[in-house]
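Peer 1: Below, each chain spelled out in residue letters.
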Amino acid sequence: MLLLHVSDTHLGAYKPGKLRERELDFYEAFNEVIDIALREHVDAIIHAGDFFDEPRPAPQAFLFAYRALRKLREHGVEFLVVAGQHDQPKTSQLPPLRFLGEMGLLRLLAQDKPESHIVKLKGGELGVVAMPYISPVAIGEHLKSVKPPEAQRRILLAHLLLRELNMPNAHASLAELSADNYNYVALGDYHLRYETVYRGTPVVYPGSTEALDVLEASSDKYVTLVDFSKREAIVNWVKLNTPRKWIVIEARNYNDVLIGIGKAKLETFSKPPILHLILKTKQSDVEAKRIRNYLSKLSEEKKVLILKVVVEEEESRGEALRSSIVEDSSSMQTPTLDQVVYNVLGDREIAELVLVILRSSESEEEVKLLIKRVLGDEELIGKIKRLVGEK
Amino acid sequence: MSSRPIGFVGETSTPVEIAVKASHPVPAGTYIYLKFKVRDPITNQEFDREVVGIIGSVSFKSYIPVITATVSETPESYITSDLKRESYMNAVIVADITGGRVEAPRYPPPPETPVYPARAEYLRLIYRSKPESSIKAGSLLGFEELDVNVDVNALAKHLLVVGTTGSGKSNFVAVLADRVAQLGGSVVIFDVHGEYRGLKSESESVQVVDYEATINLIKTPIEMLVKFIIPESAATRQRRLLRNALRKLNEEIVKTAAENRIPYSEAVKRVYAKGKRSENLEKIEKPEEMYRELLKKNMKDSEKSDKTVVDVEDKVDDFFEWHQVGLDTPNVSEIVGCGRVVIADVSALIDTEKDYMLKVIAEDLLWSLKQRRIPPTMLVVEEAHLFISSRNPTWSKESLQRFIREGRKFGGMLVVVSQRPRALDPDVASQIQNFVLLKLVQRSDRAIITEVSDVLSEEYVNILPSLSPGQAILLGEWIGRYPALVKIDLHRGKRVGATPDVVGLWRKRLEEISEGSANTSPSSEWEGV
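Chains as they are written, first to last, in numbering that gives the first Met the number 0: chain U, 0 to 390; chain A, 0 to 528.
Same shape as in the complex, but just chain U (with noise of 0.2 Å):
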């Protein structure tokens, strides 16, 4: 029996940066979890949560998350779920993953309380104690109701917080799971990669397969091939290569920018790598200026994808800089036609009316030739806010 083990994909995701291009790296990493599945001929993935980023994921989420599974369907491969707080409305609203489960595309092991269940699979019996998000406070009432089925192979699939992580709002160690009851611990939640092993039981998070945060950034990104033909589990890692790359440059000036992007070798990327660029000290408005021009350069010329700028050292030039930049770096995300009229108009109620004149024109070259009179001639604009004035 081989699984696939696999956690936090965050289907709808398009952190950073509200980009297409990053919702997309999401749908990416996720298409080649399934290749591995079926390259590796697994009996089941098991996911350990976080499936969708919001419990309202938007349709093309849906579609996208249809189609993948489709294929996994077609070829024999089971997908068992857990929900993740991700995967859990906070209304009565119907969790998305029910909905998948209804169309039989996967098995929603566990919504919201833990569940044990044998699942037949082609290589045989598979106990499941499956266990969704519960807040930390109320786990400890739900530990003690879970009993390991009977079953050669057993496994525990959970969406929590090990308090060996040394993180706050831990939910449980691996004392409380009694997690040397299963032959393997597939756990979700925790976005990077951990192994351990507790009294001879694999325990792992395979993190997220696409970085929410920069704390990401310098990993790399995994799933884990959990190998059954003993009854030991014995585990592979297996690294992703879609998930876009990151750059994180810590500067003090324009010239630390250049060296640091030097290093980077960005061409070497085959995505557009996103940009994190930490300013450590205070900069003149000149030096802003310069270090601003080249990371415009840079973004126009699809080097990187996304600018986030962050000033350390919290200092009264270093504010403006940021604020600057920052909006520098929001103007670069594939502005919209609304944004740009608006921006240059200045006005609600003006830009609303241009648009509804650039909207009905037939061509794009009339458009384009609608854009250029408007926003060439300064006094037109003027006429315009004029009018729109008396009106």
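Worth double-checking, as some hints may not be accurate.
[As the list claims (entries may be wrong)] Label-pair restraints from in silico Cβ distances: (1) A:LYS408 - U:GLU140: 21 to 31 Å; (2) U:PHE98 - A:ALA347: 47 to 57 Å; (3) U:THR267 - A:GLU258: 25 to 35 Å; (4) A:LYS303 - U:GLU140: 57 to 67 Å.
In case anyone wonders, no lab produced these hints; they're calculated from the structure. Here the structure is a predicted model, which is why all the values come from computation and not from measurement. Glycine is no exception: its CB is placed at the ideal position from the N, C-alpha and C atoms.
Position chain A against the provided structure of chain U, taking the given hints into account.
Peer 2: Chain A only, in chain U's frame:
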């Protein structure tokens, strides 16, 4: 009175202790009942008193010298010789129950008062309890139908459990821990011999958590780690070298972990990977081993004298070879909770480490209690004489003393379990005010019990040598004003036989070997040679 008297009050009596004379002795621990008249010398009124007591020591005495020539060899002589011998017993008067009101006995029963076996309805008057805060410990000795309940709230004044090996201490601890947890309580057992591992609760509502105590390399204070690795206090130079290296390394690891929000083991990996690029460190996989190598590297960097470095390196290697260390292991306070029994198994540690672990656990619990981060918690310390010793200074002693002193205010309850009370520090023991006394034979052990307890009179102590396993005297506020002689319930979920069947194991092993050798033909061993 329907039953026949078992004897009569002898020549002397006090309100709390009487001599009982009888033709035949009754077993020690038998509950007795006496009814007698008392005359008030001032009003000259006569009134009835009823008291209940327990038979303590039991003896036989012959009035005629026993000479072998006069001893008849026929068994019937036992009956005919009743006249020449007499049984002598001592009994403790537990309470006065006149008219259904229970109070302390104040009148000595007059000599020749008949002594009857007590009936359940009298005893029921004495051992009443508040059901909402009590648990059942067992039944009154000789009265299966009479439950003995103890008040858990009173355990804020802690509990001392003493008894020889095999007297039923650990069974009692299992009963206590499980039922306190059933009440919604939080319990930690400091399990010195690993005998509670795999404890099964009697109830579905209780979760038993096995906690494997390890030495956390990051959370343990540097000074402690130094003492573990270099126990010789004279080695100041070595210690200094190690201390500085540890401090530098742990600071870096904690910083890396906090900045990246990663567990300590991952932080060690990152620090190691950074060092590997510059220093050509070996490729290893276990973070604990990486820590060891980083520690050794830090020492080499700071010290010029090769000899000192080599000496300390050897000690570091030894330490990692023989000790259970961890980087991410949580503290006990992170695991305790309502309805939960945490078993801290320290059987894999050596004595000094057990001592240290106990200190860590006691301080961690007390600190968390003060912060109100955890519910009131009961800490059970097995083999307590090792840690609260009157002779040897230990690390845990001071922490336990503080736990006893301050725990009371914050809901910390200490249960001290020992088979050698004479080795316990009397200063600590005297602050404990509830007791479970199982079979104790040694006179010095019994003497110390009377010394440390304000409530225990010597008469009770004399019963202790003749108790059977599982029988105990319970006294202190948790049982009420009157001590009880109790048959402790048997805990079904605890592995029976803390003492293994050695011979059985040998025999089984021998059978396996003989079966195994029968299966392999001798010639096959030479194949391929």
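Peer 1: Evaluate each hint against the coordinates.
Peer 2: Structure-based check of each hint:
Distance hint check: the CB atoms of LYS408 of chain A and GLU140 of chain U are about 28 Å apart, consistent with the given range 21 to 31 Å. Separated by about 50 Å at the C-beta atoms, PHE98 of chain U and ALA347 of chain A satisfy the suggested range of 47 to 57 Å. The supplied range of 25 to 35 Å is met by THR267 of chain U and GLU258 of chain A, whose beta-carbon atoms lie about 27 Å from each other. Checked against the hint of 57 to 67 Å, the C-beta distance between LYS303 of chain A and GLU140 of chain U comes to roughly 59 Å, which is consistent with it.
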